[in-house]
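There are 2 protein chains.
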Amino acid sequence: MSELRKDPITRRWVIISTERAGRPNNYIKSEEVIENFCPFDYGNENTTPSEILSFRRPNTRPNTSGWWVRVVPNKFPALYKDAELKKSGHGMYDKITGFGYHEVIIETPEHNTSFSKMSDKQINEVIWAYLKRFVEIKKDKKVKYIQIFKNHGKEAGASLVHPHSQIIATPIVPYNILEELNGAENYYKFKDRCIYCDIIEQEIMEKDRVIQKTENFIAFEPYAARFPYETWILPLKHDSNFESIERDPNIIFELSSILHTVFKKFDKTLGNPPFNMVVHTAPFIEGIEKIFHWHIEIIPRLTNLAGFEWGTGFYINSVLPEKAAEDLRREEIL
Amino acid sequence: MSELRKDPITRRWVIISTERAGRPNNYIKSEEVIENFCPFDYGNENTTPSEILSFRRPNTRPNTSGWWVRVVPNKFPALYKDAELKKSGHGMYDKITGFGYHEVIIETPEHNTSFSKMSDKQINEVIWAYLKRFVEIKKDKKVKYIQIFKNHGKEAGASLVHPHSQIIATPIVPYNILEELNGAENYYKFKDRCIYCDIIEQEIMEKDRVIQKTENFIAFEPYAARFPYETWILPLKHDSNFESIERDPNIIFELSSILHTVFKKFDKTLGNPPFNMVVHTAPFIEGIEKIFHWHIEIIPRLTNLAGFEWGTGFYINSVLPEKAAEDLRREEIL
Chain X
1 MSELRKDPIT
11 RRWVIISTER
21 AGRPNNYIKS
31 EEVIENFCPF
41 DYGNENTTPS
51 EILSFRRPNT
61 RPNTSGWWVR
71 VVPNKFPALY
81 KDAELKKSGH
91 GMYDKITGFG
101 YHEVIIETPE
111 HNTSFSKMSD
121 KQINEVIWAY
131 LKRFVEIKKD
141 KKVKYIQIFK
151 NHGKEAGASL
161 VHPHSQIIAT
171 PIVPYNILEE
181 LNGAENYYKF
191 KDRCIYCDII
201 EQEIMEKDRV
211 IQKTENFIAF
221 EPYAARFPYE
231 TWILPLKHDS
241 NFESIERDPN
251 IIFELSSILH
261 TVFKKFDKTL
271 GNPPFNMVVH
281 TAPFIEGIEK
291 IFHWHIEIIP
301 RLTNLAGFEW
311 GTGFYINSVL
321 PEKAAEDLRR
331 EEIL
Chain G
1001 MSELRKDPIT
1011 RRWVIISTER
1021 AGRPNNYIKS
1031 EEVIENFCPF
1041 DYGNENTTPS
1051 EILSFRRPNT
1061 RPNTSGWWVR
1071 VVPNKFPALY
1081 KDAELKKSGH
1091 GMYDKITGFG
1101 YHEVIIETPE
1111 HNTSFSKMSD
1121 KQINEVIWAY
1131 LKRFVEIKKD
1141 KKVKYIQIFK
1151 NHGKEAGASL
1161 VHPHSQIIAT
1171 PIVPYNILEE
1181 LNGAENYYKF
1191 KDRCIYCDII
1201 EQEIMEKDRV
1211 IQKTENFIAF
1221 EPYAARFPYE
1231 TWILPLKHDS
1241 NFESIERDPN
1251 IIFELSSILH
1261 TVFKKFDKTL
1271 GNPPFNMVVH
1281 TAPFIEGIEK
1291 IFHWHIEIIP
1301 RLTNLAGFEW
1311 GTGFYINSVL
1321 PEKAAEDLRR
1331 EEIL
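Residue numbers (the working numbering), protein chains in the order written: chain X, 1 to 334; chain G, 1001 to 1334.
Please keep in mind that the hints were generated in silico from the structure rather than gathered at the bench.
Model, not experiment: these values are computed from the prediction.
Using N, Cα and C, we set each Cβ at its ideal position, and we do this for glycine too.
Hints may be right or wrong, so weigh each one.
To be verified - The list that follows gives simulated cross-link-like pairs (lysine to aspartate or glutamate, EDC-like), each with its CA atoms no further than 16 angstroms apart:
1. G:Lys1323 with X:Glu326
2. X:Lys154 with G:Glu1155
3. G:Lys1154 with X:Glu155
4. X:Lys207 with X:Glu326
5. G:Lys1006 with X:Glu179
6. G:Lys1207 with G:Glu1326
7. X:Lys323 with G:Glu1003
8. G:Lys1095 with X:Glu322
As the list claims (entries may be wrong) - Pulled a few chain G residues facing chain X out of the computed Cβ check, cut under 8 angstroms:
9. Arg1005
10. Arg1012
11. Leu1053
12. Ser1054
13. Arg1056
14. Pro1058
15. Pro1062
16. Thr1170
17. Gly1183
18. Gln1202
19. Arg1226
20. Glu1286
21. Phe1308
22. Phe1314
23. Asn1317
24. Ser1318
Just chain X, with the same shape it has in the complex (with noise of 0.2 angstroms):
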């Protein structure tokens, strides 16, 4: 069983998963990627905790071959569903038990592919089961946040290579994301704006940090880039949360095919690169519809964290955003 627990200072929640530790040094073999036997691939479905939710071929029973989206409990959770939600004080410092959802969503039957290299449709999938999957548990009303995420290739803490997405469902906000609607609040009460709405002005106006531009979408770089070659993807129209899309399917599909286009783009500037990607929605809490702004991050995983990252929060990006959008504007997508 897992446990979270505050940092009383920064009051950053972390969660503690002993589950995977043991010796010392044996977590850092955890990390290391299993090639010989893949549990994701065809006629290895038995070796996954149960499937909750799979795309198939009318006819083919759960748990078997025949799907081309399926999304199974992590094996390995960080959080468990069957936890008592439970919040305690420990002399200055706060825990919760280990509550929340940890489920894996693998994208494809094949194993050796990305999301590069799949077609629009297969991606088109893929979302679709990140949506069901978030509105089925958005409905656990212990659930604060949702947060959709992909890890591609060991850098970027992929433990298998078979292209899969994940989904952790937390009791509490995260950090990250109260620190951005912290940010878009502040603004909101300064200006009467949506700061995502001011950002994607100005992009729209500069143009030189936008890679593409759809007609609900734009993916570019953001100004203050804390990576090489950061994409952050936003729909045009205000909306604060991801899974209301889930009502216009041809918003999904042009949402696949920029995601598409953005990581065939990765593939030709960048090689192949381990990245991870996120999905920002607004937490459930009432009345920041017209504060927050969901959108998408993808961040190359290109160079190390240092020491004056840890210790200050400031990073050194070596790769001006109008510099990285231009290389990936440039290339040409067959």
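With the hints as your guide, set chain G onto chain X.
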């Protein structure tokens, strides 16, 4: 020349340092450890920028052999002391010219050693160099914060194996320092006490996260450690400023000794792990002497951060801090 840019949402500053950039992928190469030639070895003093400070044998000339600690400007600085400090807007965004200091402390002429293998006395000399440079740079009133840090091992972002530390002085107070300061300030308003002093109190009372306590310092695993074996060292007596220890050579030696002990224990338990070490001290703001408490944070870099951590700021730590402390306490140091 570099540039500071501010994320308008989170108000986090980033240093855009394009000196190291060029063609895509070039910056990856620069992260690779260069083993063949070492600019920090005896005899290669002329391959670094001219030394700012050195502790050396009498009758030896600057920028020749004979030193035991040597401080030089970073050859690829992130910030420049000769840059004009100029703040400006860029539409809704903020930027500052790349003013600051970036220096390298070469800790020893010995190429293949580390804090764990050096003597207390040599570490003591390194800390003296930190202090001398800190006090000197602080005289520049344009500097708002001085970050002393050390990267050990490629995974921790070290580009050279020869033992060295770095100092970066910034024209604004970095994000993480503001975050700690704000947390400490809120606590002070509420309790009329320093939060770090209260943490020390509880750690001494509970004992199970403590690694070592000496007359003036305590080394322990923080309650909400973000990383396995994350270790903090704090002075027991309240003090906001790292540089204040300059008054008392015995305290400096005691700090050198507890640092040495912690690194020897790391080596025994984790086998010469890559790590980052950062000194957190009060930024140059009036009236925070009672609120802030200087300390050292040491982070072994054993795991790769993944999308969940990037997305949420929520760290998953697989080793219970009490277990990590027990492992480290158990190691006999010869």
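Outcome of the hint check:
For the suggested pair Lys1323 (chain G) and Glu326 (chain X), the alpha carbons sit about 49 angstroms apart, so the restraint of at most 16 angstroms is broken. Taking the CA atoms of Lys154 (chain X) and Glu1155 (chain G), the gap is near 13 angstroms; set against the 16 angstroms cutoff, the hint holds. Taken as a hint, the Lys1154 (chain G) and Glu155 (chain X) pair is honoured in the structure, with Cα atoms around 13 angstroms apart against an allowance of 16 angstroms. Of the supplied pair hints, the one linking Lys207 (chain X) and Glu326 (chain X) holds, its CA atoms being roughly 10 angstroms apart against a limit of 16 angstroms.
In summary, the hint linking Lys1006 (chain G) to Glu179 (chain X) is supported, as the alpha carbons are separated by about 14 angstroms, within the 16 angstroms threshold. In summary, the hint linking Lys1207 (chain G) to Glu1326 (chain G) is supported, as the alpha carbons are separated by about 10 angstroms, within the 16 angstroms threshold. Restraint check: the Cα-Cα separation between Lys323 (chain X) and Glu1003 (chain G) comes to about 14 angstroms, which is no more than 16 angstroms; the hinted pair holds. Using a Cα cut-off of 16 angstroms, the hinted pair Lys1095 (chain G) and Glu322 (chain X) holds, with the two alpha carbons roughly 15 angstroms apart.
Taking 8 angstroms as the C-beta cut-off, the interface hint given for Arg1005 (chain G) holds, the closest approach to chain X being about 4 angstroms. Using the Cβ-Cβ criterion of 8 angstroms, the hint placing Arg1012 (chain G) at the interface with chain X is satisfied: the shortest such distance is roughly 6 angstroms. Interface restraint check: Leu1053 (chain G) against chain X, minimum CB-CB distance 20 angstroms, threshold 8 angstroms, status violated. A distance limit of 8 angstroms between C-beta atoms decides the matter here; for Ser1054 (chain G) the minimum to chain X is near 23 angstroms, and the interface restraint is violated.
Checking Arg1056 (chain G) against chain X: minimum C-beta separation of about 26 angstroms lies over 8 angstroms; hint violated. Taken as an interface hint, Pro1058 (chain G) does not check out: its beta carbon lies about 34 angstroms from the nearest beta carbon of chain X, beyond 8 angstroms. For the restraint placing Pro1062 (chain G) at the interface with chain X, the shortest Cβ-Cβ distance is roughly 27 angstroms, beyond the 8 angstroms limit, so the hint is violated. Given the 8 angstroms rule on beta carbons, the hint for Thr1170 (chain G) holds: about 7 angstroms separates it from the nearest Cβ of chain X.
The criterion of a C-beta within 8 angstroms of any C-beta in chain X is met by Gly1183 (chain G), whose closest approach is roughly 4 angstroms, and the hint holds. For Gln1202 (chain G), the suggested interface contact is upheld, since its CB lies about 5 angstroms from the closest CB of chain X, less than 8 angstroms. Hint on Arg1226 (chain G) holds. Least Cβ distance to chain X is approximately 6 angstroms, under the 8 angstroms limit. At a threshold of 8 angstroms, the smallest CB-CB gap from Glu1286 (chain G) to chain X is about 21 angstroms, leaving the interface hint violated.
Taken as an interface hint, Phe1308 (chain G) checks out: its beta carbon lies about 5 angstroms from the nearest beta carbon of chain X, inside 8 angstroms. Because the closest C-beta pair between Phe1314 (chain G) and chain X is about 5 angstroms apart, less than 8 angstroms, the hint holds. A distance limit of 8 angstroms between C-beta atoms decides the matter here; for Asn1317 (chain G) the minimum to chain X is near 5 angstroms, and the interface restraint holds. Among the interface hints, the one on Ser1318 (chain G) holds; its C-beta lies about 4 angstroms from the nearest C-beta in chain X, closer than the 8 angstroms criterion.
In this structure, the hints that do not hold are numbers 1, 11, 12, 13, 14, 15, 20, in rising order.
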